[in-house]
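Top line first, the protein sequences correspond to chains A and B.
Residue 34 in this note's numbering sits at position 34 of the first sequence, with consecutive numbering throughout.
Residue 213 in this note's numbering sits at position 213 of the second sequence, with consecutive numbering throughout.
Please keep in mind that the hints were generated in silico from the structure rather than gathered at the bench.
Built from N, CA and C at the ideal position, the CB exists for glycine as well.
Computed footprint of chain A on chain B, listed as stretches where at least three residues anywhere in the stretch have a Cβ under 8 Å from a Cβ of chain A: (1) 176-188; (2) 297-309.
What follows is a list of derived Cβ distance ranges for each label pair: (3) A:18 to B:416: 48 to 56 Å; (4) B:338 to A:42: 32 to 40 Å; (5) B:200 to A:36: 18 to 26 Å; (6) B:261 to A:4: 24 to 32 Å; (7) B:234 to A:18: 30 to 38 Å; (8) A:42 to B:25: 36 to 44 Å; (9) B:402 to A:8: 56 to 64 Å; (10) A:3 to B:421: 47 to 55 Å.
Single-letter residue listing:
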Amino acid sequence: MRKWLAALPLFVALGASWVHFTGALAESSFRQIFLAASALWFVLALWAQREKKSGPAN
Amino acid sequence: MASKLADLAARMDQINEFDREPVAESQLQGGARFASLFAGEHVAATEFVIGAFFVLHGVSARDLIWGLLLGNLLAVVSWTLVCAPIAVRTRLTLYWYLRRIAGPGFMAIYNVANAALYCILAGAMISVSASALGDWIGLPATPLNAVFPSSAGWVAIAIVLGGLFTLLAILGFTSVARFATVAAPWVFVVFVAGALATLPKLGVTADFSNLWEVLSTKVWNGVPVEGQERYGFWQILFFAWFCNLAMHIGLSDMALFRYAKKPWYGLFTATGVYPGHFLAWLCSGIMVAAIGREMTPGRMAEEALGVAGVFAVVLAGWTTANPTLYRAGLAIQAVTPNWPRWKITLWVGLVTTILACFPVFFLKLLDYVALYGLILMPVGAVVFTEHWIIPRLGIPSDPAERKGLIVSWPALAVWIATLALAWVLPFHLFYRWLPCWIFAIVFYALLRRWSR
Chain A
1 MRKWLAALPL FVALGASWVH FTGALAESSF RQIFLAASAL WFVLALWAQR
51 EKKSGPAN
Chain B
1 MASKLADLAA RMDQINEFDR EPVAESQLQG GARFASLFAG EHVAATEFVI
51 GAFFVLHGVS ARDLIWGLLL GNLLAVVSWT LVCAPIAVRT RLTLYWYLRR
101 IAGPGFMAIY NVANAALYCI LAGAMISVSA SALGDWIGLP ATPLNAVFPS
151 SAGWVAIAIV LGGLFTLLAI LGFTSVARFA TVAAPWVFVV FVAGALATLP
201 KLGVTADFSN LWEVLSTKVW NGVPVEGQER YGFWQILFFA WFCNLAMHIG
251 LSDMALFRYA KKPWYGLFTA TGVYPGHFLA WLCSGIMVAA IGREMTPGRM
301 AEEALGVAGV FAVVLAGWTT ANPTLYRAGL AIQAVTPNWP RWKITLWVGL
351 VTTILACFPV FFLKLLDYVA LYGLILMPVG AVVFTEHWII PRLGIPSDPA
401 ERKGLIVSWP ALAVWIATLA LAWVLPFHLF YRWLPCWIFA IVFYALLRRW
451 SR
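Work out the full structure: start from the sequences and follow the hints.
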C-alpha cells in the first residue's frame, strides 16, 4: 500500500506530460505540476523506505 | 616485483575474503529478484548524452530502432549464454575464479586497470552534471571537439560538484546508494515525460498521425552535424551490444549471477537494457532534436521539463557516479597501504574530479564506452576459454591455483596481444571487440596447450 501511495506522484508526473502533449495543459502549468509531483515522489518514497526499514521484519 | 605482487595479492584477498566461498544453495535468488534488480540498472546520467549523440551522428530512425532492438537482444543473449552459465556453474565472483586461473598478481593488474577505467567513467558522469548546471547558469556550450575546459566557470562547477559528490560518498556510500534506488524510477519518468512534452514542439500532433514522419525528418534524419561521423545500423547494433561488454562478455556480472538459480536468468537483464538502452536513448534523442541538436544535456532537459529537468541531470550524475566511485575505491583498496576507506574515496574522488574538468570524457563518451569494454574483454575471453574449452582439450583447469603462480603468463600474454591487435585492426572502433574476442579465445587455448 505504502509503495503504491509513494508511486502516485510518478503517475501524476507522467499523466501531466501526456495531458500537455494532447494540448490540454499549458507548458508552465505542466512544469509546475511536474516539479511538485517530483518533490512529492522523493518525500513519499524516502518515507516509505524509512518505514520499511524501521517496520516489523515480516 | 614478484614479491610486491604477492604482497598486493594477499591484501586483495583480505578485502574480498567475504565472498571467497561459492554461494550456498540457501542464498540463491529467484527470477523476480533479478528482474527487479536489473530494472533500474541502466538508466543513468550517461543516457542523456548517448541517446543525444546518436542524433548528432546522423543515424536514421529505422537504423536506430532496429539497431537498438537487435543490439540489446545480443547483449541479453551474451549475459544469458556467456556470463550467467559460468556464474551459475562456479557460484564464484570473477575475482575468485580469475584468481584460480590467472593468479593473484594478474588480479592486481586487472584491479588497477579497472579502477582507472571507473575513475574516467565517474569523471564523465560528473561532467554531465556540471554541463547541466553550467547551461542553467548561462555558461557557453562546450564545443563538440573540445578536449580542455572552455571556461574557468566550467572548471569551477566541475570542481564544486566533484568535491561535493566525493564528500557525500565519504559520508556514506550506502545512504547515497539507498537514495539512488529512489531516484532511479523518477529519472526514468524524466526521460519519458521529457520526450512526450517535447513532441509537440517538433510538430507531432495529438493523434500521433505524423509521428514517424517527424521522427524520421526532424530527429533521426540521417544527417550528422558538422564534424561528426555518420552512424548507420551496424554502428548502433554494435554499440548497444558492447556498451556493457565488461559486464557480460567481460564477466564482471558473475558477481550477481552467482546467486541465480538458473542460467537463463540472464534474460532478466532485458528489464534493464530495454528501458535504459532503448527507450531512454530514444527519449534523449527527441529532446536534443528540439534544441537544435546541441550537446547540452542540461538545456535539453530544461527545455523539456523546466528546472526539474536540470535537477534530474545533476541528480542522475550524482547517483550514478557514487557507485562508480565506490567500485573504483574497492578496486584500488589493495594497492593502498592500509588506508582507511575515507582516504581511498578522497583520492579516487580527487582524481575523478580532475578528470571531470576535461569535457572530452563526456564528449567522447561513445568511444570511451567502446574502449572500456575492449580493454577488459580479453580477461573475460580467458575465463570463458578456461571454463569451456580447456577441459575439452584434456588440459587440467585452474593453472595458477594448481601451480601456485602469481601471474599466469599465457593469460597476461593474451591480454596484451589482444589489445595490440585491437590497436592495429583496420575496422571501426565499435567492431573491433568481436574479432579480438575470438582471437583471445583461440590464442589462449593455443598457449595453454603449448605450455601444458
